[in-house]
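Protein sequence lines correspond, in order, to chains A and B.
Here our numbering is used: position 372 in the first sequence is 372, and no number is missing along the way.
Each number in our numbering comes from the position in the second sequence (counting from 1) with 1000 added on.
Hint data in this document are derived by calculation from the structure and do not stem from the laboratory.
Remember, predicted model here, so these are calculated numbers, not experimental data.
Incorrect hints may appear among the rest.
In silico negatives: residues of chain A with every beta carbon more than 10 Å from chain B [claimed, not checked]:
| # | residue |
| --- | --- |
| 1 | Leu20 |
| 2 | Arg56 |
| 3 | Gln72 |
| 4 | Asn148 |
| 5 | Leu306 |
| 6 | Leu310 |
What follows is a list of derived Cβ distance ranges for each label pair [claimed, not checked]:
| # | chain 1 | residue 1 | chain 2 | residue 2 | range |
| --- | --- | --- | --- | --- | --- |
| 7 | B | Asn1068 | A | Tyr305 | 23 to 33 Å |
| 8 | A | Arg13 | B | His1190 | 29 to 39 Å |
| 9 | A | Glu274 | B | Ala1087 | 51 to 61 Å |
| 10 | A | Val8 | B | Gln1176 | 32 to 42 Å |
| 11 | B | Asn1092 | A | Thr33 | 31 to 41 Å |
Heads up, the beta-carbon is just placed ideally off N, CA and C, and yes, glycines get one too.
The chain contents come next:
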Amino acid sequence: MRLFKWEVLKVLRDWKVRILLVALLLFLATYSTLYQDRTIKLPVEEAREEYHETQRLFHAIPEAHFETEAGQDIYDRLARQQQILGMQRFILSEKEGNTVEGLEEIVSDYVDQGIEMSENQLHFHEADDFESQELLLSFIPDEGEIENRLKFLNYLKENDVAIDWNPMSPSLVLYSLINILAGVFIYIVAAVFGADRFSRDQEYNWSITQGIPLTWKSQWRMRSIISWVLIWIAILIGLVVSYIINRASVDTGTLLYPVPLYSGSQLEYISIMEYTVLVVALTMAASYIILKVSTGFSWMFRNTYLTITLVIGIFFIPYIFTIIPPLGSWNPFLYLQILPVLEGEWAGAGRVDVPKLLISLLVLYMLVELAFHFIFRLIPTRSGKLERRRH
Amino acid sequence: MTLEIKDLTISYGSHTVLEDISFSIPDGTIIGLVAPNGTGKTTLFNAIIRFIPINQGEIRIDGRNFRNTAKDVRALHEQITFFPDQAELYENFSGYEHIQMYRDIWNREERDIDGIIQRLNMEGYVRNKVSSYSLGMRQRLCFAMMIAADTKIMFMDEIMNGLDPINVELVSRILQEVKAEGKIIIVASHLLDNLDDYADQIFFLNGRRLAYTYDRRKETEKYIKATVPDAVLQAMKPWPEGTIHLNGSRICIPAAELSGERKAALLEKLLENGAESATIGPLGTYEHYLRIYKGMES
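With the rest of the complex left out, here is chain B (with noise of 0.2 Å):
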């Protein structure tokens, strides 16, 4: 299976939200979609599973085109979940009702619902009424109920949004185990560095374009990343040839042309300078995203 996206405009008016977006996801493949907010990542996710009207584009999944018609709305629907709002959930309904409900709607009589359940650690509370959850159980319940619904393909907006860290831990390993099985899952987030966990690939809007994509398994030049007050980078200059220079305070060293020595001593010079930790690894979504949104020296 491949969600293919091509072309796609979405406009409010004379507003231009997303501008001729395309892009191509193969099966068993978990996207990170990264933007400010405000830049269109759940417009995108809204007119891709046709929430909204779109101005211009195609939705295709295995070469089928979902046009806006109500028959191929229901099929896209079939294939494609949207992970519900947590304040939305029905209050006097129970977590376990919910999961149920899910899968129900989604005709998925074989998916064991208990093993979801224990897979979330949700035994001590799905059986209550929703009303009595906190804000990480009902995140939790969402994240269950997509997976009940175990759609070819998923969306899943600010997922990690009120889970403690041992949560997002448990929430990122599923997603890998699903993504295991198969499925394309969009995951939209602002926890950049959890996003390099489990995406394989991240896309970054800007400018109502999809302005960079890069596909981490690809991506190993190694640097030597810390962040370092500006003024302290500034006295430590000259860096070497290729040194990225981000948002003041980050700074990339590429490393594949420097000796073990040279490292170490990089290393050791950086943290001297104060900066908490240095890192030796290819570029990741954090640095990208700093790059693509605070701009860049070199």
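Same shape as in the complex, but just chain A (with noise of 0.2 Å):
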């Protein structure tokens, strides 16, 4: 601790990580700004264009296929479907929630039709006696789908959230921003402030900081968290930023509303205030790891590009096993990115899930304390500094 208040200090007086705190803060308390500049695609868009399918599907499917007794009960569903959409387009419309004021009896409930929909949808798909299935089915979503959709929406009926209609409601932008935390902007972040945490004293005030009584592993340690603490309170303070200045400007979504996890197996949903929870979490523990990496970069190799290229470097690893066989779930470096394993593409490898994630982060934090070991035991540091007297 003797050491501590004075690395804060030198890290605090430095120009460029003012200036990169300030960026990151501001980037991120702006994101929800900059965000609704973006063109998107409305709820109520998605439905009139699902239920002009639906109109076209009717065209398609040769009347004479409709005339057996399970052709009916088709016809049937598809007219109900295209009911419901059109109701659900007024609903999203009116933009109330699940239901539309003094019409509750009229237009009913958006949820409680999005799952008869979606138990249509299973319907359809079940129909093996009607004679266009294939033609219906390449109209409506595969079976997978349709169980999510269906989790979606049980979520929202079981915790009584309403579907919210705009995609940019602050609860939306900020999943949208921590996913985007989560991906290799953190390694670019943990990168640049790493990267010249040794080299600079290195190579400006070398003789002040050399030979203190501390091991080069304590002072590690140290610069490493004190980056992390700085960073991670900028991303804080500007997510938080970001929320209220969407939330000032935008009334609707919640933080209860869902949004899919991977589980190992299958898609659950959580709400976006658990998920950001979580995430945030794994991305802190992932990033304070990033940065140990950096910053004993830094030390080794005095060469800020070079300390920068590496660990962005290190976000791609996991993408070789894209080429080759990652070997199993338990490969600790498939986990080095984030949201592969939240969305479950690395479901291939085997059970590929938060806990392994947790466990596979811990193998790493190991593996780099054990590297740097070895590497302040064994480099000769000091070689490269012979020339004390350069002035």
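Dock chain to chain to rebuild the complex, using the hints, since each chain is given by itself in its own frame.
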């Protein structure tokens, strides 16, 4: 602790760090504003498209195929789909929630209707005796997607959450921002912050910092944690400010809104709030490891560009396993990227889930500790700086 | 406490910089380390504090051998500080903060920073940012940082660089005060006459080895010393037996056997023949330096 205060002061007085922290804060805080400038597709438009698609489906299927008993059933269900879509368009366009006040009896409830639609679609998949089943199925999602849609709607029903007509609602913008944060973005931030944590001292303040009674390893840990805390203070403030700014201008959406999470064998739906806490916690853990690597590299290489390149390169390691097999779900390098795990992209490698992600981060942390334990012991770093008196 | 160096050898590839260096320094001693540029003074410091790997030898403090392990190196750095390079101070920190930082790092809460600042006449500038300091101010700050770190052993490399005569005198005085606290201080300096003001022993490095050491307190034999043009010295021959002739123009005449009249006559003769000054005293660091690095005639 005797050095901690001074290391913090050194970092805080570094203009590069100040500018980076402010830039990070500004980017995140204004993300909602920037995001809203983008062209997006409203759910009501999607419902409208689906409505027209169902209409086309009616015309595409030969009328004779509706004459059988199974055909008649499909016809009724398709007609009901069309009717529901019409009502859903109306509900979404009214922007009131799952129902329209005063018209509950007429247009019913968005979620109940959605569940009915999904059940109808599942029925279409089972209607093997319908002659145009192949044509019919080409217009509707596969069973997996329908199951997920059902889970989504059931979540809305169980938690009494209204369908969000606005894809730019504060909670959905937050969801999008969290996903950006957990990707290559955090690697870039960690790489840039850590890249000169040692090299700067080695270049400009070597004789002040060399020879102090603290091991390089202790200093490495200290400098990593300081950068990590500063980065996360900026990020968390940025996220909160972004959400507040968006909330001030848009009053739709809720943090209880469901978003998908791959649980190792199937998709589950959790609230945006739970998702945010989970992903932020995982990103915090991953970013600490990345920062330790970039800070350690800055001690080894003293070249910020090389350090940044190498650290960002680590992000792309999991892509190797799209070419060569990852040899099972316990490969810790699979978990260097958080989002593909949460989205189930590695499902082919076995059960890839959050508990394994946590264990893998722990393994990666220990690998980094072990590697740098030897690096700090074995590399004769001092030989590069023999000419102490440069001036 | 004793700092003991045994058979220290430093090589860079096939080039040996220092070979079989051994010495022992007791508590409360100031050592002047003297050598021409590039002879290995800073390398010797770097090796003892284990900033560079050593090929052979031992570094012992109070009998404990400090090996090249993280634990030993950390423990060594608790005991030794190395004079910082004034060009490597943090420009956006104040002098006061630098002193506080060194005090905190070496855990010397009891060290009175204001007292150090006062002793070194730094009150006028110490709270300003270092970027506004002159060379002399920076040098005094580096010295103050060492005092604040308050380690048992201090390596002072080129400590007097950029200091005016008043501050050289001030720092010399404080060095003696610090020595009185029982510290071991090694000062590498080219201000040879100044070393004679405070150093107890002088170490001369030459040809990769510790070529000569002498204890100023034991050096009692008196000489008449003067610098006169070589041609004049030749014309003034013969000189008394035992006269040392250094670097062409420096002459040291043994004074022990000479009567008072003879000494006065010789002094007068030297001054008449162009010597700017002629003094009587033991051989100093300057004379030994000339003898070791420039050669000697007797």
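Hints, verified against the model:
1. Separation of A:Leu20 from chain B is adequate, the least Cβ-Cβ distance of about 16 Å exceeding the 10 Å criterion.
2. Against the 10 Å criterion, A:Arg56 stays outside the reach of chain B, whose nearest CB is about 69 Å from its own CB.
3. Distance check on A:Gln72: its Cβ is at least 83 Å (rounded) from any Cβ of chain B, clearing the 10 Å threshold; non-interface status holds.
4. Consistency note on A:Asn148: stated as away from chain B, and its beta-carbon is indeed over 10 Å from all of that chain's, at 54 Å minimum.
5. Non-interface call for A:Leu306 relative to chain B: holds, since the shortest CB-CB distance, roughly 23 Å, exceeds 10 Å.
6. Once the 10 Å rule is applied to beta carbons, A:Leu310 is consistent with being away from chain B; the minimum gap is 25 Å.
7. For B:Asn1068 and A:Tyr305, the Cβ-Cβ distance of about 32 Å falls inside the hinted range of 23 to 33 Å, so the restraint holds.
8. In this structure the hint that A:Arg13 and B:His1190 lie 29 to 39 Å apart at CB holds, the actual value being about 35 Å.
9. The given range of 51 to 61 Å is respected by A:Glu274 and B:Ala1087, whose C-beta atoms sit roughly 54 Å from each other.
10. Restraint check, A:Val8 to B:Gln1176: a C-beta distance of roughly 38 Å satisfies the suggested window 32 to 42 Å.
11. A beta carbon spacing of about 34 Å between B:Asn1092 and A:Thr33 agrees with the range 31 to 41 Å that was offered as a hint.
Hint compliance for this structure: no hint is broken.
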